[in-house]
Amino acid sequence: MRNILTLAGKDFRSLATSPMFCLIAALCSVMWSFTFLRSLILFAENTQATFNPGPSPTLQMTVFLTHISQINLLFVFIVPALTMRLLAEEKKLRTYDLLLTAPITATEIALGKFLGAFGVILILVALSFLYPLATYPIAHFSFPPLLAAYLGVILVASTYVAVGVFASSLTQSVVLSVVMGLVFNLFLWFLSQGAESATGLYMTSVLEQISIGDHFMAFIRGSIRLKSIMFLLSCTGLFVFLTQRVVESSRWR
Amino acid sequence: MIQVKELSKFYGDRQAVKNLSFTVNKGEVVGFLGPNGAGKSTTMKILTGYMAPTSGTVQISGFDIFEDPIEVKKRIGYLPETPPVYLDMTVQRYLEFCAKLKGVSSEAIDSSVDAALQKTALQQVRRRMIGNLSKGFRQRVGLAQALVSDPEILILDEPTVGLDPKQVAEMRTLIKELKGKHTIVLSTHILPEVQASCDKVIIINEGQIIAEDQIQGLSNRMAGGGHLKIRVLRKADQVAEELKRIEGVVDSSSTGNYLEVKTDGRDQVVEEISKKVVSLDAGLIELQTSTLSLEDIFIQLTDSTEKS
Ligand SMILES: Nc1ncnc2c1ncn2[C@@H]1O[C@H](COP(=O)(O)OP(=O)(O)OP(=O)(O)O)[C@@H](O)[C@H]1O
Ligand SMILES: [Mg+2]
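Top to bottom, those sequences are chains A and B.
Residue numbering for the first sequence follows the numbering used here, beginning at -4 and increasing consecutively.
Residue numbering for the second sequence follows the numbering used here, beginning at 50 and increasing consecutively.
Source of the hints: derived by calculation from the structure; they are not laboratory data.
The structure displayed is predicted, hence computed values, not measured ones.
Among these hints, one or two may not hold up.
Here are the simulated distance ranges between beta carbons [to be verified]:
1) B:S183 / A:V120: 40 to 50 Å
2) A:I224 / B:S70: 48 to 58 Å
3) B:A218 / A:S168: 36 to 46 Å
4) B:S57 / A:L171: 26 to 36 Å
5) B:H238 / A:G232: 41 to 51 Å
6) B:S57 / A:V25: 56 to 66 Å
7) A:L233 / B:H238: 44 to 54 Å
8) B:S57 / A:S64: 29 to 39 Å
9) A:W247 / B:Q52: 17 to 27 Å
10) B:S160 / A:M(-4): 15 to 25 Å
11) B:Q52 / A:I118: 30 to 40 Å
Residues from chain A that face chain B, not an exhaustive set, calculated with beta carbons under 10 Å [said to hold, decoys possible]:
12) M(-4)
13) R(-3)
14) T1
15) K5
16) S9
17) T90
18) Y91
19) L94
20) P98
21) I224
Glycine included, every Cβ here is placed at the ideal spot set by N, Cα and C.
Based on the provided sequences and hints, a complete structural model is requested.
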């Protein structure tokens, strides 16, 4: 445990203080400020101007949904960019030698790398959470669905991080690492596209079960389903495990 | 302390290490000597548990590298060919990180880092970014990293490569100071380095041990043949011919005003040669006895292994 935290702490610190992260965090907040305010104003105009006979749209399903889908979309690209250096650069700069000759296991290396990057992503998640939070004083909404949605964000982000760390473990090249991470993330999303267009009931239901999109949407709608939690956690676990295999295998080449 | 038995390593179908067996006793300083591509780094990487051999066993302090890799790694400090430093960390923070990784207890971290900094004379740069340090300093940081957990065994892969002459001398003094406290295995392709710091030398070429000897034995071997360089003003060709007739001269040849003479190594022969050159009035201006270079020893050793 101590080894994992040592590794995670080092990567967390160097990532969180890197110019790359500061730039990303700044750009994100600029973007969120702009889009969040815009959809909030739109929402306000809509609810005032039009007299809506049906159930009025909630803040959750309009403003927050846009916000959270946007976070998700951003993370598909940002997370690989933040995780790309984790193992690829260690290999390139030969500091990987230090890790492999230290009295730590491959599992500890994989988990340490994952946790370090995950911690940094949580900063971004917290940053994005400030926006809905800031609306609370002006528009009272129910908290639990928002929290459920954020649980979804955190779980999806952890999957992206695990994917990114895995991509980084496969290569020495930082560029290749970021490209692979992106491709893997997109692939996970396209599985859900496949679910919509797949012919045959059986195929559709299988693809639905394994598509990130479906599970994520359930969280955004405010429902916490055990199978969705389990699914995203096992995705994360799978990629951390694959990373562990790759690290372990580097001794055998 | 270190027992290596029939170690082999293939990279694909290229064999880098062939059936290496040797032992290193506690407290010994052993030098691995060999030309580029001999398999020195490969052997060291296997000893540290960085990679697995294709076949053969390695035991370190009684632990098998396969069965107890963690126990083995706890006992080893390793300086790879390229110092494994993070360029975006300060020296102090980097060493703290290494100490933690190597399992130094939280209370002892500060004192271990201080001790390592002191041994490698890095106190002045402890707050500097490693990325801003020169190559020689990075090498020292790498060494401090190997020392920080005060391991029983130090494995140093070409510790003086890329250092300026002053730092090379400092590094040798440092290794001498470490002698006795640690068992040290170091690799190099520079002969004087082995003479300066090691008790025992293992010469490898193309993945095989071609000689394993105490340093004294190596010196004797080197004395076994003398090598003279002579510079004259005139009559170089004639001198070369005349010298061949002296008893004890194995060979002599001239290029321009320079003569190369090989002798059987006795001092009397050198005396005879100088007398001869003077008596021929060739204008002797330089006479140098040179010890055998590493290359010569290699050629000698590989020749003798082929013959036997
Ligand atoms: N990762 C690798 N893949 C394939 N071949 C390798 C690899 N590493 C080393 N080799 C080969 O193994 C042989 C031994 O290499 P090694 O690095 O052990 O030599 P060395 O004695 O350390 O040489 P040097 O003095 O140049 O450091 C070389 O022929 C080298 O080409
Ligand atoms: Mg080498």
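Query raised in the report: Can you give the numbers of the hints that this structure goes against, from lowest to highest?
Result: Checked against the structure, the hints that fail are numbers 8, 11, 12 and 21, while the rest are satisfied.
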